[in-house]
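Residue numbers (our numbering), protein chains in the order written: chain A, -10 to 303; chain B, 1060 to 1299; chain C, 89 to 521; chain D, 31 to 338.
These are computed hints drawn from the structure, not numbers from a lab.
What you are looking at is a predicted structure, and each value in this text was computed from that prediction instead of being measured.
For each residue, glycine too, the CB sits at the ideal point set by N, CA and C.
Just to be clear, a hint being listed does not mean it is correct.
To be verified - Taking CB as the label site, the calculated pair distances span:
(1) A:D145 / C:N370: 39 to 47 Å
(2) A:D145 / D:V107: 53 to 61 Å
(3) C:V500 / D:Q163: 53 to 61 Å
(4) C:G170 / A:F12: 21 to 29 Å
(5) C:S353 / D:L177: 20 to 28 Å
(6) A:F285 / D:E226: 24 to 32 Å
(7) A:F285 / D:V92: 45 to 53 Å
(8) D:V107 / A:F163: 48 to 56 Å
Claimed, not checked - If the Cβ cut is set under 7 Å, some of the chain C residues that face chain D in the computed set are:
(9) A149
(10) N167
(11) G170
(12) N173
(13) G174
(14) E305
(15) I309
(16) P310
(17) F320
(18) P337
(19) G347
(20) E348
(21) F349
(22) V500
(23) H501
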Amino acid sequence: MIRPSRDVSLHAGVLAALLLLFFVTSAYHNGNLARIMVLAVFAMGYNFLFGYTGLLSLGHALFFSAGMYGLGISMNHLDMTVLPAFGMGILASLAVTGAIGFLALRTSGVAFMIVTLMFAQAGYLTILLFGKYTRGDEGFVIQQAERTLFGIDLTDPTNRYFAAFALFAVSYLFIAWAVRTSFGRCLVAIRENEARARMLGYDTARHKYLALLASGVLSGASGAGYALLFGYAGATFASVQYSILPLLWVLLGGAGTTIGPLVGTAFAFYLVDVSSEFTSAYLLVVGATIVFLTLFFPQGLSGELRRRLAPWLP
Amino acid sequence: MASVSLLETRQVCKNFGGLDALVNVDFDLPGGQVRALIGPNGAGKSTLVGTICGRIKPTSGSILFDGQEITQMATHRRICLGIAYTFQITSVFSRLTAFENVALGVRRIHGNRRHKVRGLVMEALERVNIADLARQRAGDLSYGHQRLLEIAMGLGQSPVLFIMDEPTQGLSEGEIEGFKELIRSLSGQTTILLIEHNMNVVMETAQYITVLNSGSVLAEGTGDEMRRNKQVQAAYLGRN
Amino acid sequence: MKKENTQHLAGVSRRSALKSIGALGGAAAFSSIPGFTGMVHGQTDEPVRLGFQVHRTGIGAAYGRWYERTTNAAVERINNMGGINGRPIEIVGEDDGTDPKRGAEVVEKFATQHNCDAAFGTLFSHVVIGSAPRAGELKLPYLVVSEGHHVASGILNRYTLQPCITDVKSQVQAMAPFVHDNLGKKVTMIYPDFAFGHDHRDYFSEAFARRGGTILEQIAIPPAETAFTRYFPRIPRDTEILYHVMVGPAVLTFVKELGEFFGGSGPALFGFIDSLEAVDMNSPGLEFLDGSYFWEGMPRYQQEGMLEFDAEYRAAVGVDANGASISDSRDVSTYAHMFGCWETLHFIRDVMTAAAGSGNMKQAMIEAAEGVTDIAESIEHPQGAKLFNGKTHQVFGHQYISKVEGNRLNVVHSTSIEDTFYPDEVDYTQQEL
Amino acid sequence: MEFGPHFLLATLEGALTAAVLALTAVGLSVVFGIMRVVNVAHGEFFMLGAVIAWFVSTLVGVHPAIGFALALVAAPVAVGALAIVADRLVLRRLNYDPERTIVATIGLLYCIQQLTLMTFGPDARPVVPPFNQRIALPWFEFGEQGLQVIWPWGFGITTYKLAVIAFAVIILVGLWQFLARSRFGLVMRATQLDREMAQAFGIPIDRVYGLVFGLGAGLAALGAVLIVPIRQAHYLMGHEPLLLSFIVVIIGGLGSIPGTIIAAVLIGLSDGIISVFFSPTLAKIIATLLVAFVLVFRPQGLFGLRSA
């Protein structure tokens, strides 16, 4: 099969490159990369369910915002410090994913898409309903002074970068490891042919549930990380748009590949960022690029790389 | 009295929207035997093995495996007891390599121990003579090779009971010979339940034959007994 | 956690007495700040770069277009008058998609990529709140034109100011006396079910009750709703005044369905112009609004004998006497809000002028701004005189109430600045710069 | 307002929502059912219908009724033609791969929105209805003098809203007949059942797909033209009809046109009726969860077959 050394060197290379980029790029790109790394965790979580397990959810904004509000509300209303609040973010996303997964996984295919979409919409409206605590669409700020961890000021650009890097690295290595385990390979089997996987003796329902939990928790970690590092929580992040974005990032970057989500998130970010500098019609550029990519890079950027140059790409 | 049967079905019935597919089927399979399940089209062969491996829930009756009641047990748990099943319609993971197809079953039993898994997978592939195709995508294999891969997937699980639904369909003459060889080499180690249309294969491999007709057991016995059985002849000739 | 500061505006009466000294112009107010007078060295010809966060796409796009036109007009005027400390203003405009995530990214880009001296111009509250933390961390003066109560509520930071447009809390509470004394005692409120609407609900209800009125019912409309008739039966029969405010693309539907629902026999209406901002009063279906009242931040239709700088401002921006584009009379501006960009740019010029020569321009700008108190009515501040509160970073000003008469809005009342005061909720000057 | 009239009013408003939703959702349903693609840009076709209606009715500038009548024909045709072009240039080249069409139609969505923003602008623009009379509705009550007719405050509907409901019903019945009886309908059903088989029988699949995509988009545009005199044209208006029709199609059961219509009526009415009993946002939450739970316990939709 695949020689492990290439995998390991790819993962090490990606992480080393991200570390190196901090020292060679400008403050502006540093800031962008910190953001991209945090959001790539969201995309990786999404990819774990969609790219590896084959379940297309349209409700991940809810898992992201569960983490975001879990941290934000714990800090602003319960006066928690960063670490326990981050734990609350994780717990909140775990609880929300656990409950929704229990119901939504009774369905599959398009019904799964709609059920997750509906639960996420209900979640979004619930955030508005409890505007007293969430400040609804307007959201709230997590004060700069409170965003410190072990005495480290997370709002400092360097610290922020490395905090984002740490979150990214942990998630990335988790995914890289998980997809190599027999659990991860079974997810791929479920994606390819669930009935057959069951007939090989795998409890596919349990596998899907665990995959959804992992996916939800990674999304929640990303949401909590975003709120923590950028100081804001708001209902916008629970809206449908933020369920479609990770799908888009993953498909652009390459579904079912470990580096796809990072590639896709970075690509989408810079596509908007660069094109909006040249034209106010940047959405047209973004839209046309997306259509172009789907026509000529059917498996996403890193999927295409795998197909053409590096079939071993995990 | 302690049961010597590995598999027993008791009064199994299955009704599909008013249509009786199985009627009070009592079926016993002793451990170590190679058994063929034959019968005309629509006799209920696939339905019966479906209820055994859990793809189909029986309307009534019970199924025992190794003395354990498994009628309500989830499919994957039955498989974990040592039942392997190859599909009638080829159902491989077409975008994964042949190696990975077999490895999935092996890993479920042996965990993710790289060398152990590699050894068992290659062994299974070699037994069906497609070891040289291990790195190919299953979907790119010829139909016959996909059928053999299905069998290798079952072998990889070292099953106690190996159920094969029309394994020789689509195989070439040479491959059928190899298949017969394989069954003979397995007999004694593994209990095999074979649904088969190719009478040549049945006669040469099965120690015992069960004939199913219109959802119930028509006759059981050795190949020679069945050949002579008037009812069996009628069932087949009546259709032809 | 946010500290409640119940201290009242110090010296309010003295400051409001200064209102009459309008002719002094903007820069006069700063002369009393020590250390900032007459320091003009360190001047360069480099343009002053101002990051302009524009709602070009998304639900704020109708506002964004007019904010951009107003901004361009103000920049042209300021540059023709010699710019800031002799340096021309260069606007670095970038779309934020009316999205808090992109908004924060854009602010970051202004600070670290474009080396802007300040950022300004954001309207939608969620974009302001999403972006402000980044502005504060990057120490980039961030001057918003939003109406939100976010700045004055104390949740933002020392680098965020709202110097030229009043906030919803002061607007809303200033309406209560007029509504109570002239329109009716029993009010039903309809507002969008998000923070902006909740501010209306909370602050108006409180002020109206203080005045002795009764709130009969509060009807919150879910966001992104496109059909409204089914909610109107919740309006109690004995409602004397229906208080309405709606934002977003469906505002016209809302107002039209309100008219169709009552069919000419409903309660009196009092609304915030947000319900009809950028909407032509001659639009089909709005006839029933005749005789109803609206709050306006700045009167859309040119008024006889008031707001003396209004005409000049209209000409500069390219808006006719009816608040529509000079080139297309059906293209109605967001007149009640967009003056904020014009005034904010002049404010930036004045504080940067006052801060000229100091080592850290951005810090000096904030300090200079915090020293501002009175803002006189002038061509630079055509909406009217204002009083800036350096502690809360929020400006206070006049509010206008207009009546719809023959498809135009005529001002019937303007509040005093004092009507809009409320106790301070924060003292940003206590925060580190 | 008293419960009775309130309930009836909410039902009437729900019926209006249902009528337009049915048209839009049937458009999505034929695309989804036959081509098996999720067209994320469906809402943008709806929006374009409204925008074109505005252009046609304002540029023609004669009597509003004539402009509107013209828009009723021009908008669906133009939008349908555009969809056919999009099918030919993009979807066909993707071989209707489910995942890739999602991404490609997201791209189309951005393009259409931005182009509309650049030409039509960001404002909500009204279209004058061809006729619009408010009809006050009566209510019956047992008072002291026995059964009385009362005219509750605000209890009414406009003639135009009633006409929209009627018109939508006519179009849907016509469409149903067309699909059930015409040759094209037969070809469509054959394609839906088995693409390969249909191809083997000499059905030009590519052309059928193009026409189906055009028909779907045209129906969305037609729904939009009908609603635009009530709800204005705006470049972001496609979002809600997309979500709602998507839901309706799944609840109705994939590819079942009668199922889609019944689901549209159920969703439209329940959205209206639930709003009578709960505070507005809570009503939305309940309506949303209701859809989720219907699918959790009946994943094939209300009228779909289990195997689907």
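Going back to the hint list, which numbers does this structure go against? Structure breaks hints 1, 3, 4, 10, 11, 12, 13, 14, 19, 22, 23.
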